[in-house]
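Chain A: place on chain Z using the hints.
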Amino acid sequence: MSAGLATGLITNAAGRRVPTMVNGREQEPYKGVDGHRPTGHKAGPSIRSNSDYPANGDKRVPDLETALRLCGLRDGMTISSHHHLREGDRVALTALQTAARMGAKDLVWFPSASFPCHEPVIDLMKSGAVHHIEGSMNGPLGDYCSHGNMRGLGVLRSHGGRWQAVQDGEVHIDIAVIAAPTADFFGNADGSHGKSACGSLGFALADSVYADRVIAVTDNLVPFPCIPWQIQGNNVDYVVQVDSIGDPSMIVSGTTQITRSPDRLRISELVARFLCDSGIMRDGFSFQAGAGGIALAFVDHLARMMKAANVKASFVRGGSTKYLVDMLNEGLIGYILDGQTFDLDAVRSIASDPRHVATSPFTSYNFHGKGNFASMVDAAVLGATEVDVHFNANVVTHSDGRLLHGIGGWQNCLFAGCTILAVPSFRDRIPVIVDEVTTITGPGELIDVIATERGIAINPKRQDLLDAVRGKGLPIRSIEEIKAEVEKICGGKPSKPRLLDYPVAVVKWVDGTVLDTVWRVVDDNPYAPKVSGGE
Amino acid sequence: MTSSAAPHVADARGEAGRAGSDVRSDLHVTFEQRTSGGIDIQLRSRVDLYYGGAIRQQVRDVLQSLGVKHAHIDIVDEGALPFVIAARIEAAVRRAGLAEGKSSLPDAVALPAPSPRDRLRRSRLYLPGNEPKYFVNAGLHAPDAIILDLEDSVYFAEKDTARLLVRNALRALDFEAAERMVRINQLPLGLADLEEIVPQSPDLILVPKVETPEQISDVVRAMELIAQQVGVARPIWLMPILESALGIENAFTIAKASSQIAAITIGLEDYTADLGVAKTPEGTESLYARQRVANAAHAAHVQAIDSAYGDAADGDGLLRWGQASRALGFEGMGCIHPIQIEIIHRAFSPTASEVEKAREIVAAYEDAQRRGLGVVSLGSKMIDAPVVQRALKLVARARQMGIVGNDLASGAQS
Numbered sequence: 001m002s003a004g005l006a007t008g009l010i011t012n013a014a015g016r017r018v019p020t021m022v023n024g025r026e027q028e029p030y031k032g033v034d035g036h037r038p039t040g041h042k043a044g045p046s047i048r049s050n051s052d053y054p055a056n057g058d059k060r061v062p063d064l065e066t067a068l069r070l071c072g073l074r075d076g077m078t079i080s081s082h083h084h085l086r087e088g089d090r091v092a093l094t095a096l097q098t099a100a101r102m103g104a105k106d107l108v109w110f111p112s113a114s115f116p117c118h119e120p121v122i123d124l125m126k127s128g129a130v131h132h133i134e135g136s137m138n139g140p141l142g143d144y145c146s147h148g149n150m151r152g153l154g155v156l157r158s159h160g161g162r163w164q165a166v167q168d169g170e171v172h173i174d175i176a177v178i179a180a181p182t183a184d185f186f187g188n189a190d191g192s193h194g195k196s197a198c199g200s201l202g203f204a205l206a207d208s209v210y211a212d213r214v215i216a217v218t219d220n221l222v223p224f225p226c227i228p229w230q231i232q233g234n235n236v237d238y239v240v241q242v243d244s245i246g247d248p249s250m251i252v253s254g255t256t257q258i259t260r261s262p263d264r265l266r267i268s269e270l271v272a273r274f275l276c277d278s279g280i281m282r283d284g285f286s287f288q289a290g291a292g293g294i295a296l297a298f299v300d301h302l303a304r305m306m307k308a309a310n311v312k313a314s315f316v317r318g319g320s321t322k323y324l325v326d327m328l329n330e331g332l333i334g335y336i337l338d339g340q341t342f343d344l345d346a347v348r349s350i351a352s353d354p355r356h357v358a359t360s361p362f363t364s365y366n367f368h369g370k371g372n373f374a375s376m377v378d379a380a381v382l383g384a385t386e387v388d389v390h391f392n393a394n395v396v397t398h399s400d401g402r403l404l405h406g407i408g409g410w411q412n413c414l415f416a417g418c419t420i421l422a423v424p425s426f427r428d429r430i431p432v433i434v435d436e437v438t439t440i441t442g443p444g445e446l447i448d449v450i451a452t453e454r455g456i457a458i459n460p461k462r463q464d465l466l467d468a469v470r471g472k473g474l475p476i477r478s479i480e481e482i483k484a485e486v487e488k489i490c491g492g493k494p495s496k497p498r499l500l501d502y503p504v505a506v507v508k509w510v511d512g513t514v515l516d517t518v519w520r521v522v523d524d525n526p527y528a529p530k531v532s533g534g535e
Numbered sequence: 001m002t003s004s005a006a007p008h009v010a011d012a013r014g015e016a017g018r019a020g021s022d023v024r025s026d027l028h029v030t031f032e033q034r035t036s037g038g039i040d041i042q043l044r045s046r047v048d049l050y051y052g053g054a055i056r057q058q059v060r061d062v063l064q065s066l067g068v069k070h071a072h073i074d075i076v077d078e079g080a081l082p083f084v085i086a087a088r089i090e091a092a093v094r095r096a097g098l099a100e101g102k103s104s105l106p107d108a109v110a111l112p113a114p115s116p117r118d119r120l121r122r123s124r125l126y127l128p129g130n131e132p133k134y135f136v137n138a139g140l141h142a143p144d145a146i147i148l149d150l151e152d153s154v155y156f157a158e159k160d161t162a163r164l165l166v167r168n169a170l171r172a173l174d175f176e177a178a179e180r181m182v183r184i185n186q187l188p189l190g191l192a193d194l195e196e197i198v199p200q201s202p203d204l205i206l207v208p209k210v211e212t213p214e215q216i217s218d219v220v221r222a223m224e225l226i227a228q229q230v231g232v233a234r235p236i237w238l239m240p241i242l243e244s245a246l247g248i249e250n251a252f253t254i255a256k257a258s259s260q261i262a263a264i265t266i267g268l269e270d271y272t273a274d275l276g277v278a279k280t281p282e283g284t285e286s287l288y289a290r291q292r293v294a295n296a297a298h299a300a301h302v303q304a305i306d307s308a309y310g311d312a313a314d315g316d317g318l319l320r321w322g323q324a325s326r327a328l329g330f331e332g333m334g335c336i337h338p339i340q341i342e343i344i345h346r347a348f349s350p351t352a353s354e355v356e357k358a359r360e361i362v363a364a365y366e367d368a369q370r371r372g373l374g375v376v377s378l379g380s381k382m383i384d385a386p387v388v389q390r391a392l393k394l395v396a397r398a399r400q401m402g403i404v405g406n407d408l409a410s411g412a413q414s
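Protein chains in written order, with the numbering used here: chain Z, 1 to 535; chain A, 1 to 414.
If we strip away everything but chain Z, and leave its shape as in the complex, we get (with noise of 0.2 Å):
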């Protein structure tokens, strides 16, 4: 029983079908890239009064059942959690437990991003306690939202249209669980030191500011004052300590090794000689470029480029690594803006480099910044799962429809200089440049590049490109070119899977509006591998 089955639908302007309805709120369609203006005042948290908190800083409280209960549980209520403990998190799903035994019923669970480690939360769905999800869902998760069960429309958000939608009122916190891997009595939190260190917590930031209640969950409560903090006792509302809040060893990893894959690392080749040939790498340049695969070898080839031309970039945006760190040592840029922290390495670096800087979505995303760290980025290198001719992306769903992915940055990135798609060009005969995305998540407009194994895609609106790097010997080809070649490999064009006209989730903009629908998925291939993808 979606709530979306009740309500109508409206062709956006992307030409998708969207609901005007979802969660009994009502919507506003995608205008175009930058087709809304909110006006009116953002949405602002409860007064609070000092004198209502311990005069002696102490906001400790013995257990999270506690600290729900002085939070005011309710059913209904909506509680959010943060992805920063990645698949080693235990904070969310602990709190969401705690409050179905508390008797709390048809919560709505509010992650900057959920894990497979939270596949639980499906018995929480099927229980009542946990009414829906707004928040990325994949492998088994999202597999429950694309068979329709949930009860409410999924809402997918990029991290900036998370703020956006809470400084917009669309979505009213009552009560974060922010998971700090240090922290002090009165509530000051980091996540750059501790046994569960993980590097910076900008996800919960906005969530500190607005929810109505906050908790602050730790497993290293350190003497007054926690030094450095990023998230400000003066908006937590309780502490709990307690003994572990996840597992180290998934929280961060060990340096990933550079993928040995000849085609991805093609790829990432092709893609740092685009930015070198296209004059984009030049001395104060920028970039930012995730954690993946092709990403990292991207990074250590453009280092290579970068000490050859004895070129320095500026900042980098992260997701950041060891390699990223390398470079920041070795003085090929200047500093690191960090939004996630993957590795020990650049963990150790965030905690002891001052020129590794953590940030958040506001400084980094936020629609209703006065402007944003993103679209100051010279350059950015992305994934997909699926690109069209006419450069729209789709990284929330697989081929098949099911939720496969959330959108993380994604979406705000690509207001960067130069968007750059880096991806095979079919993946298991599933051809990834297509007639159609399944679910656009980002419009073609602003993504200026496809760099597959089989050549370069420069969007024809971007001429300036083409003229930077046309006779520098890239392999600079039409999409409809490797299209054709890649169905010809594949044996023709794939079929559609069936759909059903049912709307699970929706995915929102970065502005608020409604971009695609994600629909109920009819088939199922019991031998398609499973999905487990991040944020």
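Source of the hints: derived by calculation from the structure; they are not laboratory data. A portion of the hints provided could be inaccurate.
Chain A side only, calculated, beta carbon under 8 Å to chain Z, not exhaustive [stated by the list, open to error]: (1) S25; (2) S45; (3) R46; (4) L49; (5) Y50; (6) G53; (7) L81; (8) V136; (9) L140.
Quick caveat, the model's predicted, so the values are computed rather than measured. Here a beta-carbon is modelled for each residue, glycine too, at the ideal position from N, C-alpha and C.
For chain A alone, kept in the frame of chain Z given last:
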């Protein structure tokens, strides 16, 4: 109890290919012949929703061309491309003892132009012949050649399946500008390889473990017979691999054994094993053998090609090896991973100063030709004829490598 109660008794059965969560771009086929009931397909495929219909249709088409009318076929598919599916089904049917004299060939891509005998052969990328996932993009990495290997990288029990897979790959895949090479097995096993491979017009066949010129003559005779039967007219070059002390001693006569020989090469794993010595990164133990091969090749006017460098992660070591190899007179070597290609091309390229020097000599030579002078001189120095010849060769090679543009073809700018 009796067979009359079971109309679907299987009287022949065959399996081929691989499947499982660790396998990509391959499939496992179980074929059972039936006496009635038509074609019954059971398919589990990663890509069922996109290509399930196409796969079922292909199964019927392949079985029809193999002359199979009634069968149960069970397929577990890990996203294999059509040329692989066809090869695995054919292999399973043949293992069941059927399809005598029949085959099911995939659609052919246009054959590239025939390969010149003296083309660039700096890098040749080895592709294990039973590992289809590496085939389709191999040409994109721009090696001078790819080698579809039927010999050491293929288990003995899989020679028959690899042979069909390689045949289909030669036919269906575009390897871009790479020369299409196949390493066959030693005769007599290699005869069966030739029967499948020669009709697909590979550009070059590597013959392993050659010790005598007679072994080459046997291969040449077998190839001629097959080429006549199927009407292959274009040249298929040979590259004997010398991998034993005896082979090395016979390098020159082997290199001269056929006018189809375009190059000879050395296999260091087997050679060092034959000598009972360790193979080292420095290669001191094989220096004599490599020099002998280089000298024999030049004496016989064929290319000298070096072995592969086994540590794909050691780019610096590879570059050193390649440069030393070029200095000994080799023109190329094998690669086991695409990341080695660019390094090998660098190692076997003349340096900028070598090219510059050679172009000066060529310009002086052409100037002397124009002026009808018998003696070529550069500044105050007289240039000997062999030096001119070497310079001409170097400039021509540099042009093939794209180091020297065609606008400078004459070298006669003033």
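> Would the hint on L81/A stand, with a C-beta cut-off of 8 Å toward chain Z?
Replying inline: Where the cut-off is 8 Å and the nearest Cβ of chain Z is about 6 Å from L81/A, the hint holds.
>> The hint names R46/A as touching chain Z; please verify it with the least Cβ-Cβ distance against 8 Å.
In response: Check passed: Cβ of R46/A comes within 5 Å of chain Z, closer than 8 Å.
>> Quick check on the hint: G53/A CB to chain Z CB, less than 8 Å?
In response: holds (6 Å)
> How about V136/A: closest beta carbon in chain Z under 8 Å, or not?
Replying inline: holds (6 Å)
> Against chain Z, is Y50/A within 8 Å by beta-carbon distance?
Replying inline: holds (3 Å)
> Close enough to count: is the Cβ of L140/A nearer than 8 Å to one in chain Z?
Replying inline: holds (6 Å)
> Would the stated hint for S45/A survive a check requiring a Cβ distance to chain Z of less than 8 Å?
Replying inline: Holds - the Cβ of S45/A comes within 8 Å of chain Z, reaching about 6 Å at its closest.
> Measuring from the C-beta of L49/A to each C-beta in chain Z, is the shortest one below 8 Å?
Replying inline: holds (4 Å)
> Would the hint on S25/A stand, with a C-beta cut-off of 8 Å toward chain Z?
Replying inline: holds (7 Å)
This entry satisfies every hint, going by the numbered hints stated previously.
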